[in-house]
Each structure stands twice: as structure tokens, then as C-alpha cells.
Amino acid sequence: MSNKEIANAFDLLAKIMELHNENPFKIRSYQNAYLTLRKLDTPLADFGMEQLMEIKGIGEAIAEKIQSLVKTGSMPTLEKYLAKTPPGVVEMLKINGLGPKKVATLWHEHGFASPGELLYACNENRLIELKGFGEKTQSAIIKAIGFLQSSEGKYLHHLVTYHANEIINMLGLAVPGSVTILTGSLRRGVPIVETMELLTTCSRVQLEKFMKNQPFEWDLPSKNNDKGMWQEFLPIHFYFTTGHDLIHDLVSTTGPRSFAQHVLDSPDKSFNTETELFKSKHLPYISPELRDIQHIEKWSQKELDLLINHQHIKGIIHCHSTYSDGIHSLEAMATEAQVCGYEYLVITDHSQAAAYANGLKLEQLEAQWLEIDYLNQKLHPFKILKGIECDILAHGDLDYNEEILSRFELIIGSIHSVFNMDETKATHRLIRAIENPFTNIIGHPSGRLLLSREGYPLDYARILDACKANQVAIELNANPQRLDIDASHITKCVELGVYVAINPDAHNKTSIKDINYGLISARRGALPASLCLNTMTANELISFCKKR
DNA sequence: GCCGTTTTCGGCCCGACTGTTTTCAGTCG
20 MSNKEIANAF DLLAKIMELH NENPFKIRSY QNAYLTLRKL DTPLADFGME QLMEIKGIGE
80 AIAEKIQSLV KTGSMPTLEK YLAKTPPGVV EMLKINGLGP KKVATLWHEH GFASPGELLY
140 ACNENRLIEL KGFGEKTQSA IIKAIGFLQS SEGKYLHHLV TYHANEIINM LGLAVPGSVT
200 ILTGSLRRGV PIVETMELLT TCSRVQLEKF MKNQPFEWDL PSKNNDKGMW QEFLPIHFYF
260 TTGHDLIHDL VSTTGPRSFA QHVLDSPDKS FNTETELFKS KHLPYISPEL RDIQHIEKWS
320 QKELDLLINH QHIKGIIHCH STYSDGIHSL EAMATEAQVC GYEYLVITDH SQAAAYANGL
380 KLEQLEAQWL EIDYLNQKLH PFKILKGIEC DILAHGDLDY NEEILSRFEL IIGSIHSVFN
440 MDETKATHRL IRAIENPFTN IIGHPSGRLL LSREGYPLDY ARILDACKAN QVAIELNANP
500 QRLDIDASHI TKCVELGVYV AINPDAHNKT SIKDINYGLI SARRGALPAS LCLNTMTANE
560 LISFCKKR
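For any residue, its number in the working numbering is found by taking its place in the first sequence, counting from 1, and adding 19.
Calculated directly from the structure, the hints in this document are not laboratory data.
Keep in mind the model is a prediction, meaning the values are calculated, not measured.
Don't be surprised by glycine CBs; every beta carbon is placed ideally from N, CA and C.
Take the hints with a grain of salt, since some may be wrong.
Only pairs whose alpha carbons sit at most 25 Å apart, straight line, appear in this in silico BS3-like list of lysine-lysine [what the hints assert, rightly or not]:
1) LYS120 / LYS45
2) LYS487 / LYS532
3) LYS405 / LYS380
4) LYS103 / LYS45
Pair by pair, the computed Cβ-Cβ distance ranges are [unchecked claim]:
5) PHE166 / GLU514: 47 to 57 Å
6) ILE161 / GLU422: 42 to 52 Å
7) LYS566 / THR91: 30 to 40 Å
8) ASP264 / THR91: 37 to 47 Å
9) VAL224 / SER299: 27 to 37 Å
10) ASP484 / ALA102: 52 to 62 Å
11) GLU421 / GLY360: 33 to 43 Å
12) LEU325 / GLY107: 50 to 60 Å
13) LYS162 / GLN396: 52 to 62 Å
14) LYS99 / GLY516: 37 to 47 Å
Make a model of the complete structure from these sequences and hints.
Encoded structure:
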């Protein structure tokens with residue numbers, strides 16, 4: 020079980036306890052546990068009781084609950100509360116704009132026990148009659164339930180990959196000599212998937228035997244259908260192959276279909292590598308994340324080589340430290356980036372308006388700058404750049420005065436509040452920030468959180484035109500929950516010559532590696548290295564920012 | 001339920017915004 024999933028269990032526990040009107044301070048401690056655990060990067064499974072209790076906010080009771088989750092996959096306290104809450108009410112907690120208090124009112128006082136029932140009442144215009152609810156809330160709920168329903172049966176790429184790798188490892192141990200590989204849309208790096216697809220050389224009998232010995236829930240694939248379920252929620256699709264057909268079947272199942280059909284039209288199925296297979300068709304190797312690009316098979320090796328890849332990346336932009344809401348010190352973050360082979364790191368903690376994230380006031384900024392100067396001597400030639408993730412306020416202004424803004428080496432302008440905007444308002448707000456001469460990058464432009472929050476609507480053509488005119492780069496936030504700007508808009512960036520910064524938005528050391536999710540997304544959008552901000556050296560980046 | 005001392009128990013992060021109210025509760029980041 021991943022840290023995020025453990026953290027989410029405490030978030031859910033806190034919310035359900037609130038529905039049942041439990042002690043608010045007990046609830047807060049679970050919320051705090053959620054906030055702390057979700058940011059931790061060391062796997063909680065590796066922690067003993069004592070180590071767990073050393074974490075601030077984690078005492079004996081919560082530590083025991085974590086251990087229970089790690090060992091058994093469940094937490095008795097949570098199960099107890101789930102048992103006395105209708106599943107539909109738990110679902111209602113996922114509706115954006117509804118918190119535990121409102122859900123509790125809807126459930127206890129008005130008898131709504133599922134999003135479906137609630138939607139029905141909204142459509143009959145009945146919600147506006149209830150105390151504390153009105154017309155705007157009603158239409159917001161209709162919209163939010165629509166989004167919730169459209170997310171059903173869909174999963175984030177990184178989460179499915181995490182579980183897929185667990186299965187692959189266990190299967191490898193259980194059936195020595197077998198090969199199991201991730202395939203399908205998951206292998207192509209599609210950000211949201213509906214199934215975990217695995218290609219295996221195990222036989223059906225071997226697979227069934229393996230699954231019977233697992234401690235968690237499985238539905239076995241039926242005879243006529245290779246689909247099963249993983250831990251009751253995730254559909255899993257096994258493709259069976261043999262060593263002889265492995266490469267052929269890998270290309271075939273990786274898809275997409277049109278690409279596979281183009282590549283696999285000969286009867287010969289015996290290849291040792293994908294490269295060999297492509298070569299037999301006089302094609303260069305085309306990696307899976309590129310295969311959704313229209314007519315990619317017509318690209319030459321030289322054209323493919325121009326696309327951004329990990330070797331081009333010189334520096335990490337957009338990281339947080341303990342100065343704001345990161346969990347590792349500035350030095351720890353910088354050292355990690357250095358160890359990973361990067362030349363620089365642009366630290367961008369939160370600006371003052373972000374009170375929830377300990378946004379930095381001038382005093383703290385000056386302390387951070389002093390420490391950066393010190394570390395830059397100590398870690399030379401590695402360099403830390405003085406940046407900020409500056410809130411774009413409601414009407415598009417940046418969150419510091421010009422005197423302070425002028426002292427940063429790089430400024431990311433991001434929206435963190437007032438998400439409820441129509442396209443005109445949101446576009447205007449962003450353009451105002453883009454036209455601010457201190458802005459260098461627009462952070463997570465749409466504000467979306469995949470499967471949990473729709474981004475605000477934007478006129479991308481106008482946004483990107485403004486970026487071009489003002490020499491502002493657009494961020495491809497590499498956090499796997501964001502992947503924002505979406506790959507589909509990168510073509511337009513390329514057309515206009517707008518720079519894209521692939522940024523991990525790391526709140527701990529490990530998340531620096533999230534840049535890899537961004538790279539996959541950027542490649543799916545065919546971003547050339549020449550338009551990627553991270554391929555610049557530190558000095559080039561500084562002069563790019565100064566030019567404004 | 002956790003923390004930080006006062007080592008036994010009181011206090012627990014916040015600021016802005018929204019939509020509903022007619023002064024504030026709920027939600028969010």
C-alpha cells in the first residue's frame with residue numbers, strides 16, 4: 020500500500036467521523052496525519068512503531084493504525100465507521116464543494132444517501148428550498164456530480180503502475196523464468212486509464228495458482244475472458260503469450276491499434292527486441308509514449324532525436340522546501356538534485372498569500388536567500404536559483420510588490436485560490452499575470468487535479484499568444500495528479516515557439532523524480548528539446564528570465 | 001488523538017472566498 024493510499028485512509032476516516040459528529044479534535048489529528056503522511060517519501064511499510072511515532076503528529080494510536088494498514092490492507096476503526104455509513108453517503112464526500120458538514124446535513128436531515136439521489140433532487144429544483152443551500156450551490160452540485168460520474172472506473176496512471184509493478188515482482192518470484200510486462204495504454208503513458216494491462220509468459224494454470232496464494236482479493240480471469248479484478252476495484256487484463264511471440268505481442272498489445280497494424284503486417288513473429296522488429300520494417304525505434312502521435316511511423320530517426328528526453332534535462336525547476344510546505348530542507352532538496360545528476364535547482368516556495376502552506380514573508384525570503392548564498396558556495400558547481408511560486412491573486416496581480424519581485428531570479432505565477440471562474444474571467448486573470456514583467460513561467464495553468472477537480476476553462480489560443488508575446492514559459496506540471504498543461508496543447512506551443520518548463524513541483528526529495536511523468540507527457544505532445552526550458556544551463560535560464 | 005511542557009492536562013493553523021445569510025458557516029488550498 021502506497022503512502023498516498025495510507026494517507027487517504029486517514030482523510031476518509033476524518034471525514035466520516037465528522038459525519039458522525041465525533042470529537043472535532045480527534046478528527047483534526049487524523050486530518051493532520053493525512054496532511055503529514057501524504058507528503059512523506061520513504062515508504063511507510065519500512066517504518067517500525069518507534070520510527071512512526073517520531074513523525075510529528077503521529078502518536079501511538081495512529082502509528083498502530085498505519086501498521087495495520089501496511090500489514091492487512093485495512094484499518095479496523097475505519098471499517099467500523101464505514102460499516103455504519105451508507106456507501107452512497109461516502110461517495111457524496113467526493114462531490115466538489117460539499118464538505119462533511121453539508122453532506123451530514125443532506126444525509127441526516129434530508130435523507131439523501133447517494134450522489135444519484137442528490138442529483139435527482141437537484142434536477143427537480145428541490146435543493147434550493149433547503150436551509151443553507153441555494154440556487155448556486157444546486158447548480159454547482161449538478162456540475163460536480165457530472166464530473167464525479169465521468170471519473171468513475173478511471174484511474175491515475177502512476178497509481179496503477181505502482182500496483183502493476185507489485186504484481187510483476189510477485190509473479191516473477193512465484194513463477195521463476197516467467198516474464199510479465201506492463202502493456203496497453205499504461206505503457207504508452209496515458210495519464211488516465213481504465214484497466215491494468217499485463218502481458219505474461221505465465222500459463223493460465225500458473226497464473227491461477229499464483230492468484231490463489233495472494234493475501235488480497237482477486238477475481239480470477241474466466242476461461243473466455245482474461246479480465247479479472249485487483250483488490251476489488253481495479254480491472255486487470257492479462258494477455259497470455261510465449262517467449263517466441265513476446266515482442267510481437269508486446270507491440271500489438273501496447274497499441275494503439277492503428278500504429279500496431281502498421282508495424283505488424285508480416286507473418287514473422289520472432290524478434291528479440293522491439294528495435295529489431297522496427298528495424299525489419301525499416302523504422303527507427305519508436306518508444307511507447309510516442310505511438311499515439313499521428314503518423315509517427317513516418318518520422319525519421321533524426322526527427323525523433325530532436326524530441327525532449329531525460330538526457331537533455333539540465334536542471335530542476337519548481338521545488339518546495341521546509342521554508343514553506345515541503346518536508347525536506349533546502350540543502351536536502353539541492354543535494355538530491357545534485358545526486359540525480361542535475362546542474363541546478365530552482366527553489367520556488369510559496370508566496371505570502373498562501374497562508375495554508377506557510378507562504379514566505381519578506382523576512383523569511385531574506386533568510387532563505389542567505390542560506391542559498393551559503394549553499395551555493397558549499398555545493399559548487401551545483402547552483403540553487405532564487406525563485407518563488409508566486410500566487411496570482413483574484414484579479415491577476417502577483418503576490419509581492421515590485422521591489423520584492425525584482426529580487427528573484429525566477430518567478431512562477433500560479434493560481435491557488437478562487438477557482439470558480441468562467442473562461443473570460445480565468446483567461447483574463449492569467450493574461451494579466453503573463454503581462455506582468457516579473458512573471459517567467461505560468462504554473463499548472465488549468466488548475467486541474469486529474470479525476471478529482473476539473474480545471475477552470477481557458478482560451479488556450481489567447482493564453483499561449485500572450486506567452487509568446489511576453490516571453491513567458493508555460494509549465495507542464497509533472498505531478499502525476501496534475502500533468503498540467505495537457506499534452507494536447509503542446510502542439511500549439513510548438514507552433515508558436517512558446518517555451519515549456521517540465522516541473523516536478525516537488526514537496527519532498529523523492530518527488531523530484533516526478534519530472535519523468537512530465538517528460539512522458541511532453542513527449543506525447545511531441546515537445547522538441549529546443550523549446551524545453553529545463554535544457555538551459557543555469558546561466559542561460561537566468562538570462563532568459565532577466566530579458567523580460 | 002497529539003503535543004509540549006507546566007510531566008497531567010489544556011490547547012489544538014489560517015485566511016480568503018462563497019453563498020447563504022442578514023452576520024456567518026462551510027469549503028478550500
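Do the hints match the structure? See the list:
1. A hinted pair counts as satisfied when its Cα atoms are at most 25 Å apart, and LYS120 with LYS45 qualifies at roughly 16 Å.
2. About 29 Å separates the Cα atoms of LYS487 and LYS532, which puts this hinted pair outside 25 Å; it is violated.
3. With a C-alpha separation of about 14 Å, the suggested pairing of LYS405 with LYS380 holds against the 25 Å cut-off.
4. Proposed proximity of LYS103 and LYS45 is supported: the alpha carbons are some 19 Å apart, at most 25 Å.
5. Judged by the Cβ atoms, the range 47 to 57 Å given for PHE166 and GLU514 is violated: they are separated by roughly 30 Å.
6. Judged by the Cβ atoms, the range 42 to 52 Å given for ILE161 and GLU422 holds: they are separated by roughly 46 Å.
7. Taking 30 to 40 Å as the suggested C-beta distance range, the pair LYS566 and THR91 does not conform, at roughly 57 Å.
8. Against the hinted window of 37 to 47 Å, the Cβ-Cβ separation of ASP264 and THR91 comes to about 39 Å, which satisfies the hint.
9. Between VAL224 and SER299 the Cβ separation comes to about 33 Å, which falls inside the hinted range of 27 to 37 Å.
10. Taking the beta carbon of each, ASP484 and ALA102 are about 55 Å apart, inside 52 to 62 Å as hinted.
11. Against the hinted window of 33 to 43 Å, the Cβ-Cβ separation of GLU421 and GLY360 comes to about 37 Å, which satisfies the hint.
12. Range check, LEU325 to GLY107: Cβ separation about 52 Å, and the 50 to 60 Å hint holds.
13. For the pair LYS162 and GLN396, the beta carbons lie near 53 Å from each other, so the given range of 52 to 62 Å is met.
14. Between LYS99 and GLY516 the CB atoms are about 58 Å apart, so this pair departs from the stated range of 37 to 47 Å.
In this structure, the hints that do not hold are numbers 2, 5, 7 and 14, in rising order.
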